[in-house]
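Residue numbers (my numbering), protein chains in the order written: chain U, 1 to 327; chain S, 1001 to 1278.
I should point out that these hints are in silico values taken from the structure, not numbers from a laboratory. We treat Cβ as the ideally placed atom computed from N, Cα and C, and that holds for glycine. Honestly, I wouldn't trust all of these hints.
Here chain U is said to cover these stretches of chain S; the calculated rule only asks that three of the stretch's residues, wherever they fall, bring their Cβ under 8 angstroms from a Cβ of chain U [said to hold, decoys possible]:
no. : segment
1   : 1098-1107
2   : 1203-1210
Going by beta-carbon spacing under 8 angstroms, a handful of chain S positions derived as facing chain U [what the hints assert, rightly or not]:
no. : residue
3   : Ser1002
4   : Thr1007
5   : Gly1094
6   : Leu1095
7   : Glu1178
8   : Val1276
9   : Val1277
10  : Thr1278
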Amino acid sequence: MSENIIEVDGLEYSYGNFKAVDGVSFSVREGEIFSFLGPNGAGKSTVINILTTLLPLQKGSASIAGFDLAKEPEQVRRSIGIVFQDETLDRDLTVWETLELHGRIYSMPKVERRQRIDEIIKLVELQEKGDVRTRYLSGGMKRRLEIGRGLMTRPQVLFLDEPTIGLDTQTRRRLWDYIKMVNDSGTTIFLTTHYMDEADLVSNWIEIVDFGKIIASGTPLRLKDALGRDVIYLQTDNDDAATGIIKALKAVLNIKATSQGLVVTINADGTRCLPIVMSRLRESGIEIKSVNLKKPTLDDVFVHYTGRDIRNAGAEKLPRIQPRGGR
Amino acid sequence: MSYEFLTIYWRDMLRFVRFRIALVASLIQPALWMALYGAAMSSNFSRLSSGMTVPDCAVAVSYLTFMGAGVIALTTLFTSLFGGITLLFDKNWGLMRELLASPMPRNHIIIGIGLSGVTKSFIQSMVIMAFGLVIGVRFFPGYSLLQRAGAIMGILLFVGVFSLGFLFLSSAISMTMETPEGLQAVITLLTLPLFFASNALYPIDAFPGAVRIISQFNPLTHLVNGVRYFAIGDDFYAIGVHYVYSVNDVLISFLALIVFAAAMFLVAWRVFKTAVVT
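Just chain U, with the same shape it has in the complex:
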């Protein structure tokens, strides 16, 4: 119990008649990177807005760092840091002033505040930019400043709502380095994103959410393994003979011959299966020209559970108000 820093039970939230969050329960362990994964409009931001006290608690209960969200919202606010999905900077304040303002509205005493500003500016590598107005910062610098600001008060949980949206690949990679560094120093990270690959890379635990409900949860590895759909790509000097031999293996679900070679779908761990396949082929005198193994991605996991691709899922935003048949 005590190692869970966030507890959410039966959370529901409606905008008028539209139920954006429909009975969500989960818990976050202290010190982990916890990801809320789902397409745009799945209800991720609504959950994060409720947990950060920006939206009222309509139904269900939640606690953060031991404080009840309904009864002790102020203590909750003091325990968390937030990086909002959209930019929330005053463009005409400098980097230093932005942090000063944050420290002051969180009632940090002056000496501690000034010291912390120096630390934060160093941490997010904006030393050269202290006196620069935020309007002149690049997208990545703004994000770093916002992350630094979220860390000013040494929160126990840092909420990151789509932190890398709209940034280029290099900047994203650097941001993740920061986020991991912050996490290493003991801050629990609550993350929402629709970038599957990023969530896969950094998360200790993932909840996949769609239409306001949690549809799958687990560690990234377990989520992917649970699919049991590893794919082996093979090129041999005798595909026909190879097909016969591979078909005989128990784990093989399907084998297809293409112009690029053989595509073998198996329902077991491919890393263990592949050596067996290779040695069987060699024993039969078949030469292997190339081999490749593809583990399922979180995209595959998402498609498996929802029947559609996360990249296209956002487009279904409008029709989802109608009842969903057949799923």
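Fit chain S to the given chain U structure using the hints.
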């Protein structure tokens, strides 16, 4: 006691002095207005009122002096009504979520914006008084230095309370509106009736009954009463109208402004307490 409202104040004043153009414009605008409108109208009014006689020994003031008080009031009205607009921009493109998600009580936002708006109005009022002296506004006739200081304090007191009321109203409107266009429309809608149904630029004695009653409930009228009392005196003639302010009249006007400001604070507080910005 917590002082986070001072942070809101600090930030708003920082922006005020940072935008040199806005700062300078806000100081030039009332001066320009007084110079042009005042010069044009005062020659007209002095022609119209040339036939009117003022009793012996009575104090007659020029139109320019009469309207100087009105310009202070109108400038304060405009500045204050737009004073909350920064909140709308914060809400749509900036800091508002950061402020609302912080442990700071939300009424500190209202109070901080109120105080910075009052500061701006004070600066403008002082500039108008100084500029008025230059172009021939005869404020503080025969006052000693101490009396002048007292009169200025009195004017600023009236300006401050009035300004707070409209800043709270402006904050409430800004927080409710979705777009700057909507805000602009609502504020324009409010400004003109307040402006015309008041005694800022002409006497209300000749108003039709209904408009006169409305003007009695107009905070602008009460501000102008206070400013004229302190700047010109309690017994004078202007545009052929005899003005007498008793201490009671002035106290009632002041009380009316306090009630107005308190009511507007409650409105703004309610709006902020229930505000949801995501």
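Minimum beta-carbon distance criterion (8 angstroms), S/Gly1094 to chain U: 5 angstroms, holds
Restraint check, 8 angstroms cut-off on beta carbons, for S/Thr1007 near chain U: Since chain U brings a Cβ to about 4 angstroms from S/Thr1007, closer than 8 angstroms, the hint holds.
Chain U contact restraint for S/Ser1002 - C-beta distance below 8 angstroms: Given a least distance of 7 angstroms, the restraint on S/Ser1002 holds.
Satisfaction of the S/Glu1178 interface hint, Cβ to chain U closer than 8 angstroms: 15 angstroms, violated
Chain U contact restraint for S/Leu1095 - C-beta distance below 8 angstroms: Since the shortest Cβ distance to chain U is 5 angstroms, the answer is holds.
Annotated coverage of the segment 1098-1107 of chain S by chain U, confirmed only when three residues or more have a Cβ within 8 angstroms: holds (count 7)
S/Thr1278 as chain U interface residue, shortest Cβ-Cβ below 8 angstroms: Interface hint status for S/Thr1278: holds (5 angstroms vs cutoff 8 angstroms).
Minimum beta-carbon distance criterion (8 angstroms), S/Val1276 to chain U: With a minimum Cβ separation of about 6 angstroms from chain U (threshold 8 angstroms), the hint on S/Val1276 holds.
Cβ contact check, 8 angstroms cutoff: the segment 1203-1210 of chain S against chain U, three residues minimum: violated (count 0)
Interface hint outcome for S/Val1277 [beta carbon to chain U under 8 angstroms]: 7 angstroms, holds
Taken one by one, the earlier hints fail for this structure at numbers 2, 7, listed in ascending order.
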